[in-house]
Amino acid sequence: MIKRIVTSVLVTVLFSTASIAQNNNQGGDSTIAGIEKYRQALADANPAELWEARGEEMWKQPAGPKNASFEKCDLGLGAGVVKGVYAILPKYFADTDKVQDLESRLVTCMGELQGIAAADATKVVFGSSGVKTDMEALVAYVAGESRNLPIKVSLAHPKEKMAYEVGKKMFFYRGGTHDFGCVTCHGADNSRIRLQDLPNLSKKEPAQRAYSTWPAYRVSQGEVRSFQWRLFDCFRQQRFPQLAFGSEGSVALTMFLAYNANGGALNAPAIKR
Amino acid sequence: MKNKIAFRSKSSNTVLLATACVLFAAPLFAQAPVKPVVPVTPVAAKKPVVKAAPTKAEAAAKLAAAAAYDAQLTATAQAVMRASFKERGQVKLDRLDQDGTQELCSKYAERGAEPGYKFTDGKFIEAANLKTLIYPPDGLFLGDWKEGEKIAQLGVGKQFSDDPTKPSGGNCYACHQLDPKEISYGNLGPSLYQYGKLRGNTQAIQKYTYGKIYNSNAYSACSNMPRFGHSGILTAEQIKHVTALLLDPESPVNAK
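Protein chains in written order, with the numbering used here: chain A, 1 to 273; chain B, 1 to 256.
Excised from the complex, chain B in its bound form (with noise of 0.2 Å):
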């Protein structure tokens, strides 16, 4: 896996991690408190007493400072972690360790709902994620939506209390509705029931659903959903089946 995993940072070490937060958080930083629009009035008013607005330096400084501070607190908090778990069964300590793309992400989740809040890392993360798409050698995207279907149920896969020698499934149904007749599913996703009978089943969008299973997040930035072929979770064939299951025309995804 860690060899897969393109814009993956290698270091465990805290320096260097904190040095990159830095890195990172000084343009999102920047985005942040946006400057409330003051309404000009025509008539030339009063000057109220106000203090001095802070100087474009002060403001900049400022904002390092709390970039700085929220940096050294993301790296005691993965210390903390690295301390406070430990390896189990197929789950080594490395999967604390984030990549580009989940660090950006950790950080938009914690922040995105602030009032004036901009996420610009989107296009960026979208880019880098875009190209690690790997298509099948043999140029078809379509497999068995049967067996797509199993893998869509399958929740296990990749958890310490898991048998890493099986398959793993994709638990498609954890967080979208497909086939109809399955009642349990849930509402992370949005539902894909009709997925095909909406889009058609051309080549191209054969081809964008496979990179989407493949990796979400090179069309979506910061998506909730896995990426199930760069972060190896599910076999370019394993893909395949469940493609088929969004656009196969059998598919009962795409039933009347």
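Pulled out of the complex, with its shape left as it was, chain A reads as follows (with noise of 0.2 Å):
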């Protein structure tokens, strides 16, 4: 039902700048406002709060084999703290030596409280009509936890600060059939794919409204999306393999994305086209 009206509300708003644009050659700036519009439109009713609602039932709820909830987990706050903890993620974890995001990091506690293993934990994480899944509500639930706090992500570990730097590399990483890596599409300001605009995320106020942002609810997908999923489908169109679900590489990169968005306030799970 939802879908169906921001459905039509993007329908009436493209064909309302499309009369505009067609006027104009260069036709970006009046394109563009339409579509502030449509998302000022969209932000009166989230879906993601579903998402939240059922991810906040599960943190409760005890699962698993051995039938535990998520009140003993440790997101970086200290067990059980769900307050805060997504905008000081990714972290180093002294129990598993690494450095984690908020994913990765439920998968250790449902691994560790709730004997479920990692394969079978990461085996569905991204939610498709009629699937929905454990941890796209879980991640909505704990970032929604922290709206309106400012990122705070920290590089005093040295592997902190060595995730950072390879993370930084994997931005600025071109290859592929296409030659591409992220910084194809967010190394320059006022850019668009398409109509689609692009934060330049080598800059610091772009990055911050882009980072504070996700997860979110996709529109077009009818579904909220983890920062995961954000970054698996950017390699996936980038001509990339596979990134693997909270594997090292992506932990990297979310932690240069968060650093470089450090002082922005989160304002997730947000909606999104």
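Worth flagging that the hints you see were computed from the coordinates, not collected in a lab. Warning: the hint list may mix true and false statements.
Computed from the model, here is a short list of chain B residues facing chain A with C-beta under 7 Å [said to hold, decoys possible]:
| id | residue |
| --- | --- |
| 1 | T74 |
| 2 | A77 |
| 3 | V80 |
| 4 | S184 |
| 5 | P226 |
No farther apart than 20 Å at their CA atoms in a straight line, the calculated lysine to aspartate or glutamate pairs in the EDC-like style are these [unchecked claim]:
| id | chain 1 | residue 1 | chain 2 | residue 2 |
| --- | --- | --- | --- | --- |
| 6 | A | K159 | B | D70 |
| 7 | B | K86 | A | E56 |
| 8 | A | K204 | A | E165 |
| 9 | A | K66 | A | E36 |
| 10 | B | K207 | B | D138 |
| 11 | A | K161 | B | D70 |
| 12 | B | K118 | B | D70 |
| 13 | A | K132 | A | E248 |
| 14 | B | K62 | B | E114 |
| 15 | A | K83 | A | E57 |
| 16 | A | K72 | A | E112 |
| 17 | A | K272 | A | D233 |
| 18 | B | K92 | A | E248 |
| 19 | B | K181 | B | D248 |
| 20 | B | K92 | A | D233 |
| 21 | B | K158 | B | D94 |
| 22 | A | K203 | B | E114 |
| 23 | A | K98 | A | E160 |
| 24 | A | K123 | B | E87 |
| 25 | A | K204 | B | E114 |
| 26 | B | K158 | A | D233 |
| 27 | A | K66 | A | D120 |
| 28 | A | K132 | A | D233 |
| 29 | A | K132 | A | E56 |
| 30 | B | K256 | B | E182 |
| 31 | B | K146 | B | E237 |
| 32 | B | K86 | A | E248 |
| 33 | A | K272 | A | D44 |
| 34 | B | K86 | A | D233 |
| 35 | A | K123 | A | E112 |
Sample of chain A residues lacking proximity to chain B, with all beta carbon distances greater than 10 Å (derived) [to be verified]:
| id | residue |
| --- | --- |
| 36 | K37 |
| 37 | R39 |
| 38 | A63 |
| 39 | G64 |
| 40 | G80 |
Predicted model, so just to flag it, every value in this text is computed and none were measured. Glycine is no exception: its CB is placed at the ideal position from the N, C-alpha and C atoms.
Two chains, two frames, a set of hints: combine them into the complex.
Dropping the structure here:
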């Protein structure tokens, strides 16, 4: 239902901007203004709330072979603390001796507390029609508990610093059949692919705006998408192989982007086209 | 694809890669940072007490150390990437192996914005890529602009989610304006509206345009534009169609 409403809003907005843009060969500005209107219309009702509510329930409900809830899960601020953790992730965890983002840390908790093997925990992590994932619900809930807090990722630990440096190399790494890297689309101001605007992630302010709004409900997909999904799908379009969920590289790149967004106020799960 | 790509470093060996990085990195690092020009006062002023400027040898050693560290970091990142990506469908892990152009252009992307950084490999990259140009054997550069328009609209090809038995698109509209009736176009590349009208449809322009689509880096080092022919994305026939979209006087790109 919500999906149908927003789709009709999109169609209306696109049609109304089409006539303006046709009178203007360089079209960009008025079209962008129309899309901005569409975004504001969307913000009124964000279905991500449904994912957040389901995630909160899952957090408290015992599950897995060990029949345990997440309430002893340490996401970085102590066992069971959810408020504020998304703002400080990724971070180094002594028990795993790894830098972890929210998703990979949740997999650790599923293993340690609930007895769910990592392979099972990561089998289906991206929802599709008819399949809702635990991961996306948990991510929506945990991220929502850091709403309005400033992003405050630290590089104090040497492994955190190394993750940042590796992530930076990955950001600028051009390869594959198309010579694409993250930087191809996200290295300059005011860029667009077709009509989709692209944040310049090498600059603080646009990096803050982009990072602070993930995870997000994607209208076009009818799903809440995690930041891991965002990277996974960017690399697919980059013509790279599949980025493994929660992999060291995925966390490193997240660290680079999160650190660049430090100081920005979290507003996730947001809603996007 | 692998055999076709000249200027591709074959080694996936980390040590070799690291060595290659040092070799490539050294001249890059030697260029930066450029020393600020110190204004010379005509009057012999009192000598301020300053630390002795580093000798040439010390400066060179510092640059070499920085280059070695950077090469090591690149090798680490490549190892992390190899362990973090999985083959899927038509996409194998060799997509992570960079050729020389990609390697130099990644460095340029990373360091290009640094104050005082000067990119000195542009001519080298263009010369190397120019050598890869293969023109159609029949000597004709223009195909059917209507087919070219379809290729310009089509975004699929070479992703792990794509069917490898189907032809790839050029996805030109993702980054360029072409037919003004298509309002959904990106701006990563310049507008190509009136491309042929502005340049004419001479044999020389046709050849250049075909070559630019075949390998953008032959004319513009580290362009964001894929090397469509060189990297095996589009066939010669497809490139002819896109060339026609840009140059055919009947093409909407050149309509008034």
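Going down the list of hints, with the structure as the test:
1. Among the interface hints, the one on T74(B) holds; its C-beta lies about 6 Å from the nearest C-beta in chain A, closer than the 7 Å criterion.
2. The interface hint given for A77(B) holds, since its Cβ lies 4 Å from the closest Cβ of chain A, which is under the 7 Å cut-off.
3. Below 7 Å, beta-carbon pairs count as interface contacts, and V80(B) has one with chain A at about 5 Å; its hint therefore holds.
4. For S184(B), the shortest C-beta to C-beta distance to chain A is roughly 5 Å, which falls under 7 Å, so the interface hint holds.
5. Taking 7 Å as the C-beta cut-off, the interface hint given for P226(B) holds, the closest approach to chain A being about 4 Å.
6. Taken as a hint, the K159(A) and D70(B) pair is honoured in the structure, with Cα atoms around 17 Å apart against an allowance of 20 Å.
7. Pair hint K86(B) plus E56(A) does not hold up; C-alpha atoms about 32 Å apart against a cutoff of 20 Å.
8. Straight-line distance between C-alpha atoms of K204(A) and E165(A) comes to about 17 Å, which keeps the hinted pair within the 20 Å bound.
9. For the given pair, K66(A) sits about 48 Å from E36(A) by alpha-carbon distance, which is inconsistent with the 20 Å threshold.
10. Simply put, K207(B) and D138(B) have alpha-carbon atoms about 13 Å apart, close enough for the 20 Å limit, and the pair holds.
11. Distance check on the hinted pair: K161(A) and D70(B) sit about 14 Å apart at the alpha-carbon level, within 20 Å; holds.
12. For the proposed pair K118(B) and D70(B), the alpha carbon gap of about 17 Å is at most 20 Å, so the pair holds.
13. Using a Cα cut-off of 20 Å, the hinted pair K132(A) and E248(A) is violated, with the two alpha carbons roughly 25 Å apart.
14. A distance of roughly 18 Å separates the Cα atoms of K62(B) and E114(B); the hinted pair therefore holds under the 20 Å criterion.
15. At most 20 Å may separate the alpha-carbon atoms for a hinted pair to count; K83(A) and E57(A) meet this at roughly 15 Å.
16. About 10 Å separates the Cα atoms of K72(A) and E112(A), which keeps this hinted pair within 20 Å; it holds.
17. Under the criterion of a C-alpha separation no larger than 20 Å, the hint pairing K272(A) with D233(A) is consistent with the structure, at around 15 Å.
18. Restraint check for K92(B) and E248(A): satisfied, since their Cα atoms lie roughly 19 Å apart, inside the 20 Å limit.
19. For a cut-off of 20 Å, the pair hint linking K181(B) to D248(B) stands: about 17 Å separates their Cα positions.
20. At roughly 16 Å between alpha-carbon atoms, K92(B) and D233(A) fall within 20 Å of each other, so this suggested pair holds.
21. At most 20 Å may separate the alpha-carbon atoms for a hinted pair to count; K158(B) and D94(B) meet this at roughly 13 Å.
22. At roughly 13 Å between alpha-carbon atoms, K203(A) and E114(B) fall within 20 Å of each other, so this suggested pair holds.
23. Distance restraint check for K98(A) and E160(A): the Cα-Cα separation of roughly 9 Å lies within the 20 Å cut-off, and the hinted pair is therefore satisfied.
24. As the CA atoms of K123(A) and E87(B) are separated by approximately 16 Å, the hinted pair is consistent with the 20 Å bound.
25. As the CA atoms of K204(A) and E114(B) are separated by approximately 16 Å, the hinted pair is consistent with the 20 Å bound.
26. Among the hinted pairs, K158(B) with D233(A) is consistent with the structure: their alpha-carbon atoms are about 14 Å apart, no more than 20 Å.
27. Straight-line distance between C-alpha atoms of K66(A) and D120(A) comes to about 15 Å, which keeps the hinted pair within the 20 Å bound.
28. With a C-alpha separation of about 18 Å, the suggested pairing of K132(A) with D233(A) holds against the 20 Å cut-off.
29. Annotation: proposed proximity of K132(A) to E56(A) holds, straight-line Cα distance about 15 Å (limit 20 Å).
30. Restraint check: the Cα-Cα separation between K256(B) and E182(B) comes to about 15 Å, which is no more than 20 Å; the hinted pair holds.
31. Taken as a hint, the K146(B) and E237(B) pair is honoured in the structure, with Cα atoms around 13 Å apart against an allowance of 20 Å.
32. Taking the CA atoms of K86(B) and E248(A), the gap is near 13 Å; set against the 20 Å cutoff, the hint holds.
33. Proposed proximity of K272(A) and D44(A) is supported: the alpha carbons are some 12 Å apart, at most 20 Å.
34. For the given pair, K86(B) sits about 14 Å from D233(A) by alpha-carbon distance, which is consistent with the 20 Å threshold.
35. Using a Cα cut-off of 20 Å, the hinted pair K123(A) and E112(A) holds, with the two alpha carbons roughly 17 Å apart.
36. Listed as a non-interface residue, K37(A) keeps its Cβ farther than 10 Å from every Cβ of chain B; the least gap is roughly 16 Å.
37. R39(A), annotated as away from the interface, keeps every beta carbon of chain B farther than 10 Å; the closest lies near 17 Å.
38. With a least beta-carbon separation of about 27 Å from chain B, A63(A) lies farther than 10 Å from that chain, consistent with its non-interface assignment.
39. Residue-level check passed: G64(A) sits 25 Å from the nearest beta carbon of chain B, beyond 10 Å.
40. Distance check for G80(A) against chain B: the nearest CB is about 30 Å away, which clears 10 Å, and the non-interface claim stands.
The structure shown violates the earlier hints numbered 7, 9, 13.
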